[in-house]
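All chains should be built: construct the whole structure from the sequences, respecting the hints.
Residue numbers for the sequence shown follow numbering that gives the first Met the number 0, so the first one is 0 and each next one is one higher.
Where hints are given, some of them may not hold.
[To be verified] With a cut-off of at most 27 Å between alpha-carbon atoms, the simulated BS3-like pairs for lysine-lysine come out as follows:
#, residue 1, residue 2
1, K5, K21
2, K5, K39
3, K21, K39
4, K3, K39
5, K21, K3
Please keep in mind that the hints were generated in silico from the structure rather than gathered at the bench.
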Amino acid sequence: MDIKGKAHYVSDVINVTDSFRKRELVIEFAENPQYPEFVKFEAIQ
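This is how it looks when you write it as structure tokens:
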């Protein structure tokens, strides 16, 4: 699945443990500009 949009929010990196980090991203997805959708992703390492 491909989603094209603009980054609405990018959080700082959160260190959960010494070997586990995560970052949250919210993408504004406007397939219909009258009703934009916000999709939250979580990048983990």
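Structure-based check of each hint:
no.	hint	in the structure
1	K5 - K21	holds (20 Å)
2	K5 - K39	holds (12 Å)
3	K21 - K39	holds (13 Å)
4	K3 - K39	holds (13 Å)
5	K21 - K3	holds (22 Å)
In terms of the numbered hints stated before, the structure departs from none.
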